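Going down the list, the protein sequences come from chains A and B. When we follow my numbering, the leftmost residue of the first sequence carries the number 1, and every step to the right adds one. When we follow my numbering, the leftmost residue of the second sequence carries the number 1, and every step to the right adds one.
The hints are simulated quantities; they were obtained by calculation from the structure and are not laboratory data. Please read all numbers here as calculations on a predicted model, not as lab measurements. Every residue, glycine too, gets a C-beta built ideally from N, C-alpha and C. Hints may be right or wrong, so weigh each one.
Covered stretches of chain A (in silico footprint by chain B; criterion: 3 or more residues with CB under 8 Å from a CB of chain B, positions within the stretch not fixed) [as the list claims (entries may be wrong)]:
| hint | segment |
| --- | --- |
| 1 | 61 to 70 |
| 2 | 91 to 104 |
| 3 | 135 to 143 |
| 4 | 147 to 156 |
| 5 | 160 to 171 |
| 6 | 232 to 241 |
| 7 | 286 to 298 |
Next come the chains, spelled out residue by residue.
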Amino acid sequence: MSILVIAEHDNEEIKASTNNVVTAATNLEGDIHVLVAGSNCSGAKDQAAKISGVAKVLVADSPEYEHCLAENIADLIVAISADYSHILSPATTNGKNYMPRVSALLDVAQISDITAIESSDTFERPIYAGNCIATVQNSDTKKVITVRTTAFDAAQNDGSAEVVDLQESHNLGISEFIKEEIAESDRPELTSADVIISGGRGMQNGDNFKILESVADKLGAAIGASRAAVDSGFVPNDYQVGQTGKIVAPNLYIAVGISGAIQHLAGMKDSKVIVAINKDEDAPIFQVADYGLVADLFTAVPELDAKL
Amino acid sequence: MKILVPIKRVVDYNVKVRPKADESGVDLNNVKMAINPFCEIAVEEAVRLKEGGTATEIIAVTVGSSASQEQLRTALALGADRAILVETDIEVEPLAIAKLLKGVVEKESPDLVILGKQAIDGDNNQTSQMLAALTGYAQATFASELKIEGEKALVTREVDGGLQTISVNLPCIVSTDLRLNEPRYASLPNIMKAKQKPLDVIEAVSLGVDIEPRNKTLKVSPPPVREAGIIVETVDDLVDKLKNEAKVIT
Numbered sequence: 001m002s003i004l005v006i007a008e009h010d011n012e013e014i015k016a017s018t019n020n021v022v023t024a025a026t027n028l029e030g031d032i033h034v035l036v037a038g039s040n041c042s043g044a045k046d047q048a049a050k051i052s053g054v055a056k057v058l059v060a061d062s063p064e065y066e067h068c069l070a071e072n073i074a075d076l077i078v079a080i081s082a083d084y085s086h087i088l089s090p091a092t093t094n095g096k097n098y099m100p101r102v103s104a105l106l107d108v109a110q111i112s113d114i115t116a117i118e119s120s121d122t123f124e125r126p127i128y129a130g131n132c133i134a135t136v137q138n139s140d141t142k143k144v145i146t147v148r149t150t151a152f153d154a155a156q157n158d159g160s161a162e163v164v165d166l167q168e169s170h171n172l173g174i175s176e177f178i179k180e181e182i183a184e185s186d187r188p189e190l191t192s193a194d195v196i197i198s199g200g201r202g203m204q205n206g207d208n209f210k211i212l213e214s215v216a217d218k219l220g221a222a223i224g225a226s227r228a229a230v231d232s233g234f235v236p237n238d239y240q241v242g243q244t245g246k247i248v249a250p251n252l253y254i255a256v257g258i259s260g261a262i263q264h265l266a267g268m269k270d271s272k273v274i275v276a277i278n279k280d281e282d283a284p285i286f287q288v289a290d291y292g293l294v295a296d297l298f299t300a301v302p303e304l305d306a307k308l
Numbered sequence: 001m002k003i004l005v006p007i008k009r010v011v012d013y014n015v016k017v018r019p020k021a022d023e024s025g026v027d028l029n030n031v032k033m034a035i036n037p038f039c040e041i042a043v044e045e046a047v048r049l050k051e052g053g054t055a056t057e058i059i060a061v062t063v064g065s066s067a068s069q070e071q072l073r074t075a076l077a078l079g080a081d082r083a084i085l086v087e088t089d090i091e092v093e094p095l096a097i098a099k100l101l102k103g104v105v106e107k108e109s110p111d112l113v114i115l116g117k118q119a120i121d122g123d124n125n126q127t128s129q130m131l132a133a134l135t136g137y138a139q140a141t142f143a144s145e146l147k148i149e150g151e152k153a154l155v156t157r158e159v160d161g162g163l164q165t166i167s168v169n170l171p172c173i174v175s176t177d178l179r180l181n182e183p184r185y186a187s188l189p190n191i192m193k194a195k196q197k198p199l200d201v202i203e204a205v206s207l208g209v210d211i212e213p214r215n216k217t218l219k220v221s222p223p224p225v226r227e228a229g230i231i232v233e234t235v236d237d238l239v240d241k242l243k244n245e246a247k248v249i250t
């Protein structure tokens, strides 16, 4: 039996989260196939074929897959599922959307957000916002799994997989894409950035995030935020790092004016190096920070900016 | 329009949960239980649709032990009209819950099902999508805005890069994200009134679906502990440490 990885992409490019899932799949036995379902997605297809460790790329290039509507993608995955022992996707908002639908159609449980693979049927996953790690053994014949991408390194891009075009059309016609408001940015994406600088309630307002931008430019960093900053309307929700936002694990995470609520820590505590800048020396963020600086962020951040 | 709101009884979000000492499970002795926060948002959204004249009846439903009646009463106090407990003492997984809810959907024929995107205990984020699959309905997950327009629902979804708006045919399944609304508090008179509202109990076995668990929890362990590092005195110290000790900037 082979392993099917569902690619995360925007039709033009493969997202790094796909490479993380391919690495996870190498812990299982069997050839790794990658499904690229999209519309005018030859760019994504070519990149998928280069991911190291991938034996075959399956391409479903058709208008009904353009916006990754769960109903259509799930039907497509189910239609080609027979040969696979494991079906994996990244635990992105897309993967979280269509994968449980796939599971239910196949009448199997889903194992969500795995962080380690112990064997072909046993996996580790965080529960209770990461306060506990459960080791679960699944008894279904087919495993449907979403993968926490920060738990696995990204596979390299020096492969050359066979590419197969699928003639699969699945359009349930019960849902329709209307529009998308995706933030345009020259910065790296939060979930794949090497460096992240995040602001919290201490930033006081959205304008003050500008002082983080200058530091981010120098470090090639992505900008994140705590839920408090998002709830206060300082920045949009797609900046949010935490249990209910994005899970990140960069090499360097700089938390500015963030107290360190459990729900924020759940999203960033696997970062390699954590820096906290906060004027409250009792803030819980200092308990996880490698380097803490007790200072007013409005003097410390510009000073940091000047010294980089 | 009839709205079905499935909810879940979970450990209160303020409780810091720990594994049992023998790692056989999560230590839930004497912890405070509450309605799952995302489910509270689902109830609130249904109540607003009723207040706005779109919905006519709101039915709260849960799957669980008889103790879950407490959370159904909370939903009734927040504005649901009646409640259903699908009673079972088995620790049901999302797939089993979705199968049982499908049974309730068949009995009640709601036009809209609104539920939380994820329960804060298992963090699975599966039930709404699975219910959509089993009923054959469209799904609109992670909703931050919901509008009913004739036979369709227009839903804005929180996605990784920003927002996506989709239109789905009714009946449909909507799962709530945090910013959909800010739930109200139940007033004392409403809490009293909720005690008089109908709450039906049906046995899970009566729905005739397979709810045996597919996953076995082998152990529950604490996450790796991250040790606190050092406090640096100045920005210069910080830059020096990052360059020369951690070597994460150049």
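Tested hints:
no.: 1; hint: 61 to 70; result: holds (count 3)
no.: 2; hint: 91 to 104; result: holds (count 12)
no.: 3; hint: 135 to 143; result: holds (count 6)
no.: 4; hint: 147 to 156; result: violated (count 0)
no.: 5; hint: 160 to 171; result: violated (count 0)
no.: 6; hint: 232 to 241; result: holds (count 3)
no.: 7; hint: 286 to 298; result: holds (count 10)
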